[in-house]
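**Q** Following the UniProt record's numbering, the numbering of the sequence shown begins with 1 at its first residue and continues without gaps.
Treat the hints loosely; a few may be bogus.
List of simulated lysine to aspartate or glutamate pairs, DMTMM-like, C-alpha gap at most 25 Å [stated by the list, open to error]: (1) 193 x 263; (2) 262 x 87; (3) 193 x 87.
What follows is a list of derived Cβ distance ranges for each label pair [claimed, not checked]: (4) 134 x 46: 40 to 48 Å; (5) 116 x 46: 34 to 42 Å; (6) 61 x 103: 20 to 28 Å; (7) 223 x 130: 43 to 51 Å; (8) 46 x 93: 31 to 39 Å.
Since the hints were made in silico from the structure, they are not lab data. Beta carbons: idealized from backbone N, C-alpha and C, even for Gly.
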Amino acid sequence: MLDRPVPLSMLKDGAENPRGVDAPPSQGLDSKRQGARRLADLLPRVASSLVLAGAALTAVWQGGAIFAVIWFSATLAVGWEWQNLIDAPRLRLRFFIAATALAFATFFAAEGRFILGCGVLLAAGALAALAAGPRRRIWAFAGILYAGALIVSVSLLYALPAFGARAIFWLCATVWGTDVFAYFGGRLIGGPKLWPRISPSKTWSGTLCGVFAGALIGALMAAGFGGARLALPIFALGLLTALVSQGGDIFESFVKRRFDAKDSSALIPGHGGFMDRLDGFLAAATFAALVAALIGDWSLASGLFDWL
Numbered sequence: 001m002l003d004r005p006v007p008l009s010m011l012k013d014g015a016e017n018p019r020g021v022d023a024p025p026s027q028g029l030d031s032k033r034q035g036a037r038r039l040a041d042l043l044p045r046v047a048s049s050l051v052l053a054g055a056a057l058t059a060v061w062q063g064g065a066i067f068a069v070i071w072f073s074a075t076l077a078v079g080w081e082w083q084n085l086i087d088a089p090r091l092r093l094r095f096f097i098a099a100t101a102l103a104f105a106t107f108f109a110a111e112g113r114f115i116l117g118c119g120v121l122l123a124a125g126a127l128a129a130l131a132a133g134p135r136r137r138i139w140a141f142a143g144i145l146y147a148g149a150l151i152v153s154v155s156l157l158y159a160l161p162a163f164g165a166r167a168i169f170w171l172c173a174t175v176w177g178t179d180v181f182a183y184f185g186g187r188l189i190g191g192p193k194l195w196p197r198i199s200p201s202k203t204w205s206g207t208l209c210g211v212f213a214g215a216l217i218g219a220l221m222a223a224g225f226g227g228a229r230l231a232l233p234i235f236a237l238g239l240l241t242a243l244v245s246q247g248g249d250i251f252e253s254f255v256k257r258r259f260d261a262k263d264s265s266a267l268i269p270g271h272g273g274f275m276d277r278l279d280g281f282l283a284a285a286t287f288a289a290l291v292a293a294l295i296g297d298w299s300l301a302s303g304l305f306d307w308l
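Could you put together the complete structure from these sequences and hints?
**A** What follows is the structure, encoded as structure tokens:
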């Protein structure tokens, strides 16, 4: 008489296998399917990352109108996604207010008029809050400032292209290095979750790997720009910047969970939306601009690389 199948529950977690049989073939097939599914998810993610990284770096390298168009377009996408995500009335009106304010803020930031640019964003945030209604006023207001922080900080850091390009390249190296090594470090090492209620996939091991690796990559790039004397102080600054970028990632996850959304949009294959892709960079760029403003003298970028 044929033996009856052994329940899978007896084959998991080291449970006793009374007849010494192997796991059913279907279990191996399931593992292969899961691996294929993960690969299928990873490929569009990698392709999208390469396209976006190429566009961003080309914009920084070329400068001028190309820089303005690409970074302003990304900022508009962030502004749209936030205003759409909060599910408030008068979406088109709120986005029109946001787009107009972001355009003026970009111009003023490029001219070095930081206070004027911030004033425009604050005024536009107040108008968007009125348009959103009482239940979403704070969120509509915050969305204008959130998108504005990206374009204003990047524009201020890039105000002198020949010097500012180094600051943006360093930011990209630090943030992208943090993201990549946090992702693979968490996959390979695993361990306790960092904040499971907000970001279920983020682990302590991945975060620590990402922060250290991102700071190291940024320091190596900075050393190539200005010599070995920059490596250690820029590594220290990179640790803080990488931590802030991870905080920006967690904040964006909190916003999405607040409005019961998995992604900010579906604009980017494998990534969701521009908020999903730029959350860490936005936070890091804002932090770097503030640090540079405190210690720089003749430009914000000099505050990052010319302070020794």
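**Q** Does each hint fit the structure? Answer for all of them.
**A** Verification of the supplied hints:
Only pairs whose Cα atoms come within 25 Å are accepted, and residue 193 paired with residue 263 is accepted, the gap being roughly 20 Å. Using a Cα cut-off of 25 Å, the hinted pair residue 262 and residue 87 holds, with the two alpha carbons roughly 14 Å apart. For the hint pairing residue 193 with residue 87, the CA-to-CA distance comes to about 30 Å; that exceeds 25 Å, so the pair is violated. For the pair residue 134 and residue 46, the beta carbons lie near 43 Å from each other, so the given range of 40 to 48 Å is met.
Checked against the hint of 34 to 42 Å, the C-beta distance between residue 116 and residue 46 comes to roughly 40 Å, which is consistent with it. Take residue 61 and residue 103: their Cβ atoms lie about 23 Å apart, and the range 20 to 28 Å holds. Under the hint 43 to 51 Å, the C-beta atoms of residue 223 and residue 130, about 50 Å apart, fit the expected range. Our hint of 31 to 39 Å for residue 46 and residue 93 holds, since their Cβ atoms are close to 38 Å apart.
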